[in-house]
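Novice: Sequence:
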Amino acid sequence: MKAPAAKEKPQTASSKAKRIIIVDDHPLFRKGLEQLIDSTDDGLSVCGEASNAAEALTVIRQLKPDLAIVDLSLPGANGIELIKNIRAEFPKLPILVLSMHDESLYALRALRAGAQGYVMKQEALEKVIGAIRGVFAGRPYLSPDMSAKLITSFASGKGESSLTDKLSDRELEILEQIGKGRDVREIAKLLHLSPKTVTHRAHIKEKLNLANARQVARYAVQWIDQKTI
8 MKAPAAKEKP QTASSKAKRI IIVDDHPLFR KGLEQLIDST DDGLSVCGEA
58 SNAAEALTVI RQLKPDLAIV DLSLPGANGI ELIKNIRAEF PKLPILVLSM
108 HDESLYALRA LRAGAQGYVM KQEALEKVIG AIRGVFAGRP YLSPDMSAKL
158 ITSFASGKGE SSLTDKLSDR ELEILEQIGK GRDVREIAKL LHLSPKTVTH
208 RAHIKEKLNL ANARQVARYA VQWIDQKTI
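Residues in the sequence shown are numbered consecutively from 8, following this note's numbering.
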């Protein structure tokens, strides 16, 4: 059985350092991000890490960090569910999302859940440090492109309401993967689920008033294309 990733680092940094925990299920990614953050000269320090939502809450309770960096795709409860749980228990703890998911598909939902910023993993690592600094300065962080999209959307009166608002956070993730052409087995592996994601797909079909799996797939492709333009 894989050993849990939750850990506490020895406290060698200055007591004035901003202490950060990283929640991500990929050990190599956590290590790389930790090295990046610890190498800065502006008082940032990684004090702990976790590989899933349950571990994350335990580490936060133990270490009381100044910031949590959270991935959305986690085993068990996903990142947006974790954000909601953190916000309920630690209302003042800043949360920065660092995710493989396209910002235009998930940023608004993450912000609504209680995150203060959203950065895609594909972006340059310097943007991660910039996002961390911005969140600590009290400024919500989104990429310039995403900020412009949201401003344009709300200025036009369209807002962000759509049929997908009916979907749960997990169902939204599955819809995205269906739109990318992945089958049930691939989706289950990617999102750390059992193959009973078929049940999720049935719920998606019902909530979107679609007749069959083919219509779900067509809707998913069109949804992604529309959101990422």
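Hints are computed from structural coordinates only; laboratory data are not their basis.
One should not assume that every hint holds.
[Stated by the list, open to error] Lysine-lysine pairs mimicking BS3-like chemistry, simulated, CA-CA at most 27 angstroms apart:
no.: 1; residue 1: Lys187; residue 2: Lys203
no.: 2; residue 1: Lys71; residue 2: Lys38
no.: 3; residue 1: Lys173; residue 2: Lys134
no.: 4; residue 1: Lys99; residue 2: Lys71
no.: 5; residue 1: Lys91; residue 2: Lys128
no.: 6; residue 1: Lys196; residue 2: Lys212
no.: 7; residue 1: Lys187; residue 2: Lys173
no.: 8; residue 1: Lys196; residue 2: Lys128
no.: 9; residue 1: Lys38; residue 2: Lys196
no.: 10; residue 1: Lys187; residue 2: Lys156
no.: 11; residue 1: Lys71; residue 2: Lys128
no.: 12; residue 1: Lys156; residue 2: Lys38
no.: 13; residue 1: Lys71; residue 2: Lys134
no.: 14; residue 1: Lys91; residue 2: Lys203
no.: 15; residue 1: Lys91; residue 2: Lys156
no.: 16; residue 1: Lys196; residue 2: Lys214
Novice: Compare the distance between the alpha carbons of Lys173 and Lys134 with 27 angstroms, and conclude whether the hinted pair is satisfied.
Specialist: Not satisfied, since the Cα-Cα distance of roughly 32 angstroms exceeds 27 angstroms.
Novice: Hint check: Lys71 vs Lys128, CA-CA at most 27 angstroms. Holds or violated?
Specialist: Answer holds: Lys71 to Lys128 is near 25 angstroms, not above 27 angstroms.
Novice: Can you confirm whether the C-alpha distance between Lys91 and Lys203 stays at or below 27 angstroms?
Specialist: Roughly 25 angstroms separates the two Cα atoms, so the pair holds.
Novice: Do the alpha carbons of Lys71 and Lys134 lie within 27 angstroms of each other, as the hint requires?
Specialist: Distance of about 25 angstroms is within 27 angstroms: holds.
Novice: Would the hint linking Lys196 and Lys214 be met if the CA-CA limit is 27 angstroms?
Specialist: holds (24 angstroms)
Novice: Within a Cα-Cα threshold of 27 angstroms, do Lys187 and Lys156 meet the stated pairing?
Specialist: holds (22 angstroms)
Novice: Run the distance test for Lys196 versus Lys212: straight-line Cα separation, threshold 27 angstroms.
Specialist: The given pair, whose Cα atoms are some 21 angstroms apart, holds under the 27 angstroms limit.
Novice: Are Lys187 and Lys173 close enough, with their CA atoms no more than 27 angstroms apart?
Specialist: The hint holds at about 20 angstroms.
Novice: Assess, step by step, whether the Cα of Lys91 is no farther than 27 angstroms from the Cα of Lys156, and give holds or violated.
Specialist: holds (24 angstroms)
Novice: Is the straight-line distance between the alpha-carbon of Lys91 and that of Lys128 27 angstroms or less?
Specialist: Holds. Lys91 to Lys128 sits at ~21 angstroms (cutoff 27 angstroms).
Novice: Next pair to validate is Lys71 with Lys38; report whether the Cα-Cα distance is within 27 angstroms.
Specialist: Holds. Lys71 to Lys38 sits at ~20 angstroms (cutoff 27 angstroms).
Novice: Checking one constraint from the list: CA of Lys187 to CA of Lys203, max 27 angstroms. Satisfied?
Specialist: holds (19 angstroms)
Of the numbered hints listed earlier, those contradicted by the structure are 3, 12.
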